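Asks: Each chain is listed here by its residues.
6 protein chains.
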Amino acid sequence: MVRLSDLAHGQEAECFGALSKKEPGTDKNGNPFVRCYFRDKRVVRVAPLWFANPIREVSEGWPVGEAYRLKVRGDQTARYGFQLEIIAGRPVIEDDKADGYDFFDLVESTDYSPDLLFETIHGYIDRYIQEECLATLVRRILDENEVSFKRMPAAQAFHHSFTGGLLEHVWSMTRVSGFLAEHYGKYYSKLDPPLNRGVIVAAAILHDIGKLRELVYHPVEVKYSTVGSLVGHVLLGRDLVREVARTIAGFPDETLLLLEHAILAHHGKEEFGAPKAPQTIEALIVHYADDIDSKINAAARERLRSTTDEQFTDKVFALGRRIYKGIPQEPAVDDPKDLTA
Amino acid sequence: MVRLSDLAHGQEAECFGALSKKEPGTDKNGNPFVRCYFRDKRVVRVAPLWFANPIREVSEGWPVGEAYRLKVRGDQTARYGFQLEIIAGRPVIEDDKADGYDFFDLVESTDYSPDLLFETIHGYIDRYIQEECLATLVRRILDENEVSFKRMPAAQAFHHSFTGGLLEHVWSMTRVSGFLAEHYGKYYSKLDPPLNRGVIVAAAILHDIGKLRELVYHPVEVKYSTVGSLVGHVLLGRDLVREVARTIAGFPDETLLLLEHAILAHHGKEEFGAPKAPQTIEALIVHYADDIDSKINAAARERLRSTTDEQFTDKVFALGRRIYKGIPQEPAVDDPKDLTA
Amino acid sequence: MVRLSDLAHGQEAECFGALSKKEPGTDKNGNPFVRCYFRDKRVVRVAPLWFANPIREVSEGWPVGEAYRLKVRGDQTARYGFQLEIIAGRPVIEDDKADGYDFFDLVESTDYSPDLLFETIHGYIDRYIQEECLATLVRRILDENEVSFKRMPAAQAFHHSFTGGLLEHVWSMTRVSGFLAEHYGKYYSKLDPPLNRGVIVAAAILHDIGKLRELVYHPVEVKYSTVGSLVGHVLLGRDLVREVARTIAGFPDETLLLLEHAILAHHGKEEFGAPKAPQTIEALIVHYADDIDSKINAAARERLRSTTDEQFTDKVFALGRRIYKGIPQEPAVDDPKDLTA
Amino acid sequence: MVRLSDLAHGQEAECFGALSKKEPGTDKNGNPFVRCYFRDKRVVRVAPLWFANPIREVSEGWPVGEAYRLKVRGDQTARYGFQLEIIAGRPVIEDDKADGYDFFDLVESTDYSPDLLFETIHGYIDRYIQEECLATLVRRILDENEVSFKRMPAAQAFHHSFTGGLLEHVWSMTRVSGFLAEHYGKYYSKLDPPLNRGVIVAAAILHDIGKLRELVYHPVEVKYSTVGSLVGHVLLGRDLVREVARTIAGFPDETLLLLEHAILAHHGKEEFGAPKAPQTIEALIVHYADDIDSKINAAARERLRSTTDEQFTDKVFALGRRIYKGIPQEPAVDDPKDLTA
Amino acid sequence: MVRLSDLAHGQEAECFGALSKKEPGTDKNGNPFVRCYFRDKRVVRVAPLWFANPIREVSEGWPVGEAYRLKVRGDQTARYGFQLEIIAGRPVIEDDKADGYDFFDLVESTDYSPDLLFETIHGYIDRYIQEECLATLVRRILDENEVSFKRMPAAQAFHHSFTGGLLEHVWSMTRVSGFLAEHYGKYYSKLDPPLNRGVIVAAAILHDIGKLRELVYHPVEVKYSTVGSLVGHVLLGRDLVREVARTIAGFPDETLLLLEHAILAHHGKEEFGAPKAPQTIEALIVHYADDIDSKINAAARERLRSTTDEQFTDKVFALGRRIYKGIPQEPAVDDPKDLTA
Amino acid sequence: MVRLSDLAHGQEAECFGALSKKEPGTDKNGNPFVRCYFRDKRVVRVAPLWFANPIREVSEGWPVGEAYRLKVRGDQTARYGFQLEIIAGRPVIEDDKADGYDFFDLVESTDYSPDLLFETIHGYIDRYIQEECLATLVRRILDENEVSFKRMPAAQAFHHSFTGGLLEHVWSMTRVSGFLAEHYGKYYSKLDPPLNRGVIVAAAILHDIGKLRELVYHPVEVKYSTVGSLVGHVLLGRDLVREVARTIAGFPDETLLLLEHAILAHHGKEEFGAPKAPQTIEALIVHYADDIDSKINAAARERLRSTTDEQFTDKVFALGRRIYKGIPQEPAVDDPKDLTA
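Protein chains in written order, with the numbering used here: chain C, 205 to 545; chain G, 205 to 545; chain P, 205 to 545; chain L, 205 to 545; chain Z, 205 to 545; chain A, 205 to 545.
Since the hints were derived computationally from the structure, they do not count as laboratory data.
Since this is a predicted model, take the numbers as computed values, not measurements.
Cβ atoms here follow ideal geometry from the backbone N, Cα and C, with glycine treated the same way.
The reader is advised that the hints may include incorrect statements.
What the hints assert, rightly or not - In silico SDA-like pairs for lysine to any residue, Cα to Cα no more than 25 Å straight-line:
#1 K473/A to E474/P
#2 K427/G to F366/G
#3 K473/G to T430/G
#4 K519/C to F237/A
As the list claims (entries may be wrong) - A short, non-exhaustive set of chain A residues, derived as facing chain C with CB atoms under 7 Å:
#5 T230
#6 K232
#7 G234
#8 T430
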């Protein structure tokens with residue numbers, strides 16, 4: 205097996221690839237053809253399947269978003285760049301794992317273990333949320349949505365837009381929120397009532413939970429559901445919180461209100477889609493932690509992605525500007541003298 | 205009985221007045237006194253109750269927002285304007301109605317009969333909403349909230365900010381929405397699905413229903429409830445709709461979604477507090493009808509209120525500018541020559 | 205005759221088409237060629253006329269914007285999509301009508317009869333405008349500009365951007381204005397002077413009349429005139445009103461001022477090109493009716509145009525967002541006559 | 205005679221003053237009184253006329269905005285500041301000039317001679333406008349409006365808001381425009397057509413001519429006319445230009461269009477009230493010259509007005525910030541040691 | 205001694221007070237008087253010194269911003285509120301400390317020990333800044349500006365606007381920055397070069413150091429220096445960093461550039477006064493930490509300050525909205541049943 | 205020699221061209237090729253160098269931004285437009301000047317002599333700057349940066365974006381500033397201190413001097429330096445001024461502060477990158493002169509560049525709109541028939 209992204213011009217090999225798009229067309233003679241796009245974690249390659257290619261007809265039954273085992277030849281063209289010539293192909297089967305197949309090698313996804321992230325978030329509940337009802341609420345929502353939560357991206361684009369991105373974002377942002385809750389709780393210890401750490405951490409964990417209803421998971425390109433477009437994740441998340449809270453006897457109204465408000469306000473301003481701007485310090489902290497985490501993710505991912513010689517990345521969409529990459533640290537082994545020593 | 209607004213300088217009389225504010229203070233000698241503000245539909249008058257005035261102590265038990273029967277003397281002062289000297293007073297009783305007491309004479313309120321407006325709105329349901337579930341939903345919400353709905357203002361300021369204002373606004377705005385639904389339904393008769401008149405009219409009737417929870421009724425000055433500030437009437441209204449829809453067997457999901465969206469989107473833009481901007485033609489119509497009705501109300505009320513000689517009103521807050529009053533139509537009888545002819 | 209939009213790959217047929225653009229070029233050998241674009245109501249097709257094609261030279265004398273009778277062959281290419289091969293062609297002549305030629309089949313145009321719309325607008329004058337001078341003014345302007353008014357689009361893009369679009373928009377928007385004038389006239393019947401229904405309806409009819417000078421009519425793509433760009437239709441329309449009013453003896457100053465103001469203010473805000481924002485209720489109503497009508501047209505046309513499987517249209521430029529299309533009503537069983545035939 | 209602004213506490217003297225406002229009231233006993241405000245160039249003083257004061261009744265016939273000869277006594281009060289006690293008074297008469305009466309000493313007005321400014325502007329016409337029709341147009345408008353033009357302020361507030369301010373602004377701004385026309389005309393001498401200096405200077409002179417219709421002159425506080433509010437000086441000025449151009453045989457269309465456009469566009473942006481933003485270099489120059497001249501006037505007047513020890517002026521409204529005053533140049537003679545040396 | 209804020213009506217006592225303002229005036233008889241405003245940490249009180257009061261003349265030599273020992277009588281007036289009657293007074297002397305005088309009791313100041321905060325910040329240098337040059341730079345700047353840094357407010361208003369406020373803000377914001385530097389450094393450990401923790405912490409400590417030149421310290425009301433207004437603390441801080449860096453041999457250019465950029469960019473956007481928006485992740489972190497810390501301080505101080513019964517504070521200027529105060533935790537002893545148990 | 209822009213289809217000739225870009229690629233067979241782009245003042249032409257072309261390998265050593273002497277054949281293609289076929293080529297040598305080589309014929313550059321512009325600016329120093337220290341400062345900075353200053357563009361795009369553009373802009377903008385300084389100095393002659401003409405002219409000359417550090421000169425396409433992106437020319441220019449001022453004994457603080465402020469504020473508003481908005485009249489004048497000069501340059505260049513038949517140019521990026529070109533003046537002699545008549 206060769207990685208799709210490692211395939212060279214003229215090389216013939218077997219590769220795994222996720223089918224990310226199919227573009228049907230008609231050739232000069234009026235015959236149908238199709239352009240299939242296959243990807244692994246690092247590249248997307250186009251494979252034109254012309255009329256006469258027997259794979260063309262087979263491919264009609266291949267759903268987009270699934271993985272395939274392909275026999276291909278690399279073809280570097282002057283006009284259309286690198287293309288794949290498909291010699292054979294079929295959907296992956298269980299046995300392919302023996303040959304190294306792993307779906308998450310084929311899509312852009314978190315570098316962290318979803319299981320570990322999920323567990324770490326559970327640890328934050330134990331550590332920060334003392335009100336039992338509230339801890340129950342958060343645990344119940346997490347556990348009932350575990351599968352979906354472990355793989356959903358945080359967004360279609362913008363930040364953490366990859367499989368597992370939502371979980372990675374929630375982990376990081378909850379860690380930041382927890383620190384801020386402790387810091388400002390102590391700093392302003394005279395506040396009465398004191399800062400509600402439990403609400404801050406619960407809202408951090410749940411702030412984007414509505415995305416599980418807003419988005420329709422797809423390993424390659426998530427879509428918006430209809431209710432996601434017409435109602436949106438901010439409200440859908442609050443709905444879920446209210447529904448579950450209703451099942452927990454004696455859930456305190458005030459705690460629920462503070463939690464709802466922090467979720468509703470996490471976009472920070474009306475023009476960014478918050479039905480209400482933050483009116484509690486708890487909601488302010490959740491909003492800022494979300495904002496920092498998404499912006500730094502956008503900047504850091506762009507730095508990691510950028511492979512040009514330029515000193516700046518391309519424009520980071522979420523920030524509206526380019527990011528300075530700095531001077532890479534030369535690893536010692538790069539020096540040939542070291543190698544021959 | 206004399207109307208509070210008709211009381212002249214030096215005149216002593218009995219009046220009804222609603223107590224709109226109490227301002228306690230301390231006089232030069234360190235003795236407590238209080239300034240009570242009484243109003244009828246047209247004026248607010250201040251009544252200073254000095255330390256020695258026996259009514260001062262009595263008034264401590266008078267709640268703000270209630271009506272009182274007062275014996276007063278008018279006092280036009282050079283420095284503080286027209287004041288009331290309170291000679292005697294007590295809360296109104298049932299028998300005062302015989303003397304002409306009507307609470308709605310004491311506060312700014314709609315010129316229309318709340319009962320008639322309410323009935324007219326019910327007529328719109330019959331006329332425009334054919335889907336039975338939907339008609340049931342709207343009727344049930346109206347009937348369960350009839351008392352509160354008949355007296356709530358539409359806002360603290362801005363537009364329809366008087367007792368019964370919400371109902372007046374909903375009546376007018378529903379009438380406009382109904383017309384637009386019919387007009388554009390016929391105009392774009394090729395749309396499939398066609399414009400949903402039922403959803404438009406239901407959303408028009410219910411768009412501000414959350415104000416019954418957002419605001420705390422007060423005949424003189426409404427306040428925001430805590431949940432009103434932290435969650436807001438847009439969401440509270442949608443919550444109510446969902447709660448009631450859940451009690452109606454077989455309520456269609458699609459109808460509920462269209463209705464929810466139209467309520468959520470009625471402020472038109474995110475920066476004006478709509479969690480989602482209108483994404484259906486139904487929601488666009490509801491938004492525009494709301495916008496027109498509130499802006500024209502603000503302008504028309506200011507024209508009606510303005511009694512100066514200026515050709516323009518004061519600045520209308522909701523519009524950010526003054527309104528031209530035009531040339532009043534001289535009634536023929538104003539000309540003394542006509543009178544003596 | 206075959207409709208241009210129905211022509212299939214490989215099919216040879218006669219079609220009518222409007223020439224919308226000509227792009228001259230030079231081929232590999234330095235020889236001139238030209239790409240002609242022909243359209244009917246639904247599609248635009250490119251026809252490359254290579255150097256050797258005898259029609260190429262003939263086509264040099266064909267003005268853009270006119271209709272042609274063509275003998276063509278359809279050619280679906282893999283790389284350049286569907287193209288036309290022109291075998292013969294000539295400008296249409298009167299006799300082509302016998303073969304079904306109708307210019308308005310070749311361009312995007314209103315679905316309504318311009319004559320009927322025009323007549324309906326005259327009906328609104330009769331119904332709403334009681335001041336005789338004002339009715340005369342509106343009728344005179346309409347009649348003097350009838351031909352141009354019946355075919356002009358309302359805009360280059362944005363809304364009602366098709367032949368007859370201005371008339372369609374003015375009809376709909378006047379209908380809405382007339383309703384609002386009546387509704388608010390009765391609602392605020394205490395206003396003195398009362399709402400001026402005549403001014404509202406006159407301004408609705410004439411608000412965009414300056415577009416007849418701002419735009420240069422073209423069946424396929426209207427252009428801005430120089431004075432249109434440098435002065436604009438808002439002022440040009442007011443100029444026309446003043447010019448005609450000057451010819452009507454005894455035209456009241458106040459009526460003219462109210463009418464001028466409503467036309468000048470119809471864009472609603474300075475940043476949208478209104479030299480003055482609306483300062484009368486009449487002008488507010490005209491502005492809102494214009495705004496609603498243009499936005500709903502943009503949304504409805506996009507819904508009608510959209511043929512994808514997506515639940516949302518493409519982004520509607522005038523709104524800045526996509527519109528939810530809803531669930532189409534399944535037709536087959538809808539017509540009982542079909543079933544029993 | 206003593207200057208109103210020089211009158212000291214307890215001093216009794218004769219002064220001239222312009223009556224800028226009258227505020228009627230009712231005293232503690234219900235008797236009417238009135239507060240008259242008199243001003244000279246530097247101060248405004250309040251004069252309470254109590255019920256018993258015989259001047260009170262006399263003053264009822266005194267129109268605001270006129271000059272009066274007063275016998276007064278200065279009265280510095282702890283609570284109400286400096287007040288005037290009026291002993292006698294009457295409107296000024298011709299003979300008062302012998303005693304030094306000059307209306308322009310009583311109001312804020314230009315430091316320059318209106319006649320000289322007017323003449324200088326005529327000189328710019330001779331110098332810069334070679335097209336005879338255009339020069340005729342400008343001269344005719346100036347001459348027909350000479351009286352009004354010589355005294356109107358440029359605005360109610362903001363900049364040049366004093367008697368003669370419009371003329372002063374037009375003079376300065378035309379001088380700047382003339383220079384820019386020459387400089388950029390030579391700089392970009394390859395432009396075809398070349399920069400039209402005549403249009404630039406004509407538009408500079410006439411850009412605010414509509415203010416003569418927008419504002420109603422008042423020596424103390426100008427007001428907006430109704431047509432000024434509803435149509436505005438930008439359009440009223442263009443109307444005047446078109447009206448006069450129509451009386452000049454053979455006035456070239458292109459010149460008129462360029463001039464109209466430069467007047468319409470002089471506010472620079474739609475949101476600042478320009479129906480069209482500048483689309484010619486001529487219009488750009490006129491806009492910039494207007495912008496500079498008004499902003500520098502606002503800043504310079506505030507520096508001249510500021511008499512505090514602070515290093516910065518108060519906030520300049522037109523700029524939204526305070527202006528640094530710099531280090532005054534100490535005249536050598538100010539130091540008493542130098543004087544006695 | 206009695207605290208100024210504890211003085212009751214009619215009570216005569218000795219108090220310490222800081223003189224915050226002097227307002228000279230002239231009484232009804234033309235005699236001079238002065239209103240002195242004295243404050244302690246919690247209240248500001250006005251003391252009118254009438255003409256005849258012997259203290260009036262003495263007070264002419266009292267500079268504003270200093271502390272005084274006063275013998276006063278409290279006077280609650282009906283019209284002017286609580287006033288002080290000054291019986292005697294003098295500037296404080298060293299011996300007054302024996303009577304409990306502490307200047308910081310008289311002004312609003314940090315609740316934390318400046319010495320401890322300063323020391324803690326030094327601890328952050330040791331912990332986070334490994335590059336020796338950079339640590340030297342930060343230590344040198346801190347130590348050379350220790351006195352000024354320990355007492356300056358962070359702003360005239362907005363946030364941390366009290367004596368010692370700058371230090372308190374820098375401490376908190378550095379703590380937050382240090383945490384974020386560690387968190388994101390580990391999170392994005394693949395970045396090359398890695399996040400520069402030293403630069404983040406150094407910029408956090410120094411980001412507002414220019415305020416020591418921008419503001420002129422005053423215990424009651426800081427002012428802007430001229431260079432502060434014309435150049436601003438953002439640039440003045442960077443200047444200081446460059447000046448000191450120049451004195452440190454071998455200071456790396458890249459480190460200096462990253463530090464300069466983070467200081468220049470800490471306001472986050474051009475419109476908030478950042479000459480450049482953040483273009484490094486280091487600068488993003490410093491900006492966000494500054495933003496959070498100032499906004500939460502503004503909200504928390506307002507909650508601590510608010511003593512009304514309302515559920516919301518007054519509007520927090522820095523946020524543009526009110527903050528929900530929540531339900532205070534009832535101390536057990538408040539329950540009368542507990543008391544009588 | 206033939207001008208590159210004059211080369212015709214099929215013509216073989218020698219041309220000079222500046223190499224503006226190289227795009228390497230791989231052809232259908234996997235062989236490398238490169239597209240070179242050569243330009244002269246008026247056109248940019250692409251020259252594909254296929255694998256087999258011997259020049260391809262040679263060209264690998266050709267740096268971008270340099271001039272080359274080429275033997276080429278013109279090739280007008282149908283699909284890719286006009287291309288160059290390179291037959292031979294080498295970098296230019298000294299002797300090529302004999303054949304008419306001039307680098308400035310190959311790049312877009314100022315129409316004016318850099319030497320003359322530079323000299324003229326020196327003349328403005330002599331004329332306007334009387335303070336000797338200040339004149340020394342400006343002269344020293346100019347002379348030390350003469351080479352760089354004479355060729356730098358004023359920007360990457362936007363305005364004066366061509367070789368020598370910075371100098372041309374500074375000349376024109378200084379001329380305008382000098383006039384405004386004189387005009388407003390006399391107009392507001394009562395200001396104390398008077399307008400500082402020296403500071404205005406010095407700031408005009410130096411306002412963009414930081415661009416010499418912000419940009420990296422390239423005859424074809426300038427780039428931003430790292431420090432240019434992270435700090436920016438506004439601050440870099442001020443740094444240079446401070447550095448040089450420090451070397452001039454007795455340079456007055458106040459003059460330096462006014463100069464620094466005018467440079468820092470020349471972008472006019474914070475959102476346009478001015479760390480401080482103008483707070484002196486001197487800084488206002490410099491800002492406005494810069495603004496006018498850049499906007500008029502953008503408009504005028506676009507008019508000169510536009511060769512279409514349209515009455516308007518393309519959209520001018522710096523203005524956001526198109527510019528009316530006006531009616532060209534037909535020189536009578538242009539018609540050859542007239543000439544031969």
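Asks: Indicate, hint by hint, whether the structure satisfies it.
Replies: Hint by hint, here is what the structure shows:
no. : hint             : in the structure
1   : K473/A to E474/P : 22 Å, holds
2   : K427/G to F366/G : 13 Å, holds
3   : K473/G to T430/G : 24 Å, holds
4   : K519/C to F237/A : 29 Å, violated
5   : T230             : 5 Å, holds
6   : K232             : 5 Å, holds
7   : G234             : 4 Å, holds
8   : T430             : 5 Å, holds
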